[in-house]
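Chemist: Sequence:
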Amino acid sequence: MNIKFIRIVLTKCLRFLSCVAAVLSTGLRGIIKDMIKNKWFDVMITTCGALDHDIARYFSNYKEGSFTMDDSELVNQNIHRLGNVLVPMESYGPLIEEKMQSFLEEEYKSGTREMSTADICKMIGKHLGENSFLYWAYKNNVPVIVPGIVDGAVGSQIWLFSQKHNDFKLNLIADSNLLSGL
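Note that our numbering numbers the sequence shown so that position 72 is 79, with each residue one more than the last.
Don't take every hint at face value.
Under the rule of at most 27 Å between Cα atoms (straight-line distance), these lysine-lysine pairs were calculated in the BS3-like manner [what the hints assert, rightly or not]:
1) 171 - 133
2) 176 - 129
3) 171 - 146
4) 129 - 116
5) 146 - 176
6) 106 - 176
7) 146 - 133
8) 44 - 133
9) 19 - 46
10) 116 - 46
11) 44 - 19
12) 46 - 133
13) 129 - 19
14) 46 - 171
15) 129 - 171
16) 70 - 44
17) 19 - 171
18) 44 - 106
19) 176 - 116
20) 146 - 106
21) 116 - 106
22) 70 - 116
23) 176 - 133
24) 146 - 44
25) 146 - 46
26) 106 - 19
Bear in mind the hints are in silico, worked out from the structure with no lab data behind them.
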């Protein structure tokens with residue numbers, strides 16, 4: 008490839024990254040984080056599971072397993088399996104619930120009553136550190152948009168929060184407006 012062409016692509020184009028959660032949960036999270044850290048992309052579109060796993064991986068550790076492990080034995084040990092990745096149950100559901108309720112409560116107390124998914128991702132990133140892709144998206148002002156945010160643990164926690172605070176709203180149209188303005 009021509010170096011001039013590459014330079015034009017890297018500086019003049021709006022660059023999107025889109026991936027499903029499985030990419031982040033089973034091994035490429037560090038690579039995605041580094042690409043966002045190094046500003047290779049201007050916007051990211053992903054699924055709610057990507058947020059779930061970024062929170063879980065930031066606050067806990069996953070372990071290496073194998074594709075042939077017995078799932079019924081793992082359930083008895085309170086372990087989820089994603090391919091060859093082992094996720095302790097306490098590192099996922101309860102942890103995400105605790106963190107999201109805390110993050111949302113802090114936003115609510117500051118006066119926030121409506122958020123887009125890009126706002127939610129920015130809020131999460133602000134609470135995480137350098138080994139998180141959401142942190143680097145927040146730090147580099149890369150919007151992360153999650154069209155199906157209610158299809159995951161983070162989305163369930165947003166819904167649960169809205170049940171306690173009925174004036175809190177999730178605004179998906181704001182994400183569409185953000186995208187159309189890029």
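Chemist: Against each hint, give a clear statement of whether it holds in the structure.
Modeler: Verification of the hints:
In summary, the hint linking residue 171 to residue 133 is supported, as the alpha carbons are separated by about 23 Å, within the 27 Å threshold. Restraint check for residue 176 and residue 129: the C-alpha separation of about 16 Å stays at or below 27 Å, so the hint holds. The hinted pair formed by residue 171 and residue 146 fails the criterion: a straight-line CA distance of about 30 Å is larger than 27 Å. For the hint linking residue 129 to residue 116, the alpha-carbon distance of about 17 Å falls within 27 Å, and the restraint holds.
In summary, the hint linking residue 146 to residue 176 is supported, as the alpha carbons are separated by about 25 Å, within the 27 Å threshold. About 19 Å separates the Cα atoms of residue 106 and residue 176, which keeps this hinted pair within 27 Å; it holds. For a cut-off of 27 Å, the pair hint linking residue 146 to residue 133 stands: about 8 Å separates their Cα positions. The straight-line distance between the Cα atoms of residue 44 and residue 133 is roughly 14 Å, inside the 27 Å bound, and the hint therefore holds.
As the CA atoms of residue 19 and residue 46 are separated by approximately 13 Å, the hinted pair is consistent with the 27 Å bound. Taken as a hint, the residue 116 and residue 46 pair is broken in the structure, with Cα atoms around 32 Å apart against an allowance of 27 Å. Taken as a hint, the residue 44 and residue 19 pair is honoured in the structure, with Cα atoms around 19 Å apart against an allowance of 27 Å. The straight-line distance between the Cα atoms of residue 46 and residue 133 is roughly 17 Å, inside the 27 Å bound, and the hint therefore holds.
Only pairs whose Cα atoms come within 27 Å are accepted, and residue 129 paired with residue 19 is accepted, the gap being roughly 25 Å. Note on residue 46 and residue 171: the hinted pairing is violated, with a Cα-Cα distance of about 38 Å set against a maximum of 27 Å. In summary, the hint linking residue 129 to residue 171 is supported, as the alpha carbons are separated by about 22 Å, within the 27 Å threshold. For the proposed pair residue 70 and residue 44, the alpha carbon gap of about 25 Å is at most 27 Å, so the pair holds.
For the hint linking residue 19 to residue 171, the alpha-carbon distance of about 45 Å lies beyond 27 Å, and the restraint is violated. With a C-alpha separation of about 23 Å, the suggested pair residue 44 and residue 106 falls inside the 27 Å cut-off, and the hint holds. Pair hint residue 176 plus residue 116 holds up; C-alpha atoms about 14 Å apart against a cutoff of 27 Å. For the given pair, residue 146 sits about 20 Å from residue 106 by alpha-carbon distance, which is consistent with the 27 Å threshold.
For a cut-off of 27 Å, the pair hint linking residue 116 to residue 106 stands: about 15 Å separates their Cα positions. Restraint check: the Cα-Cα separation between residue 70 and residue 116 comes to about 36 Å, which exceeds 27 Å; the hinted pair is violated. Taking the CA atoms of residue 176 and residue 133, the gap is about 20 Å. The hint holds against a cut of 27 Å. At most 27 Å may separate the alpha-carbon atoms for a hinted pair to count; residue 146 and residue 44 meet this at roughly 8 Å.
The straight-line distance between the Cα atoms of residue 146 and residue 46 is roughly 10 Å, inside the 27 Å bound, and the hint therefore holds. For the hint pairing residue 106 with residue 19, the CA-to-CA distance comes to about 38 Å; that exceeds 27 Å, so the pair is violated.
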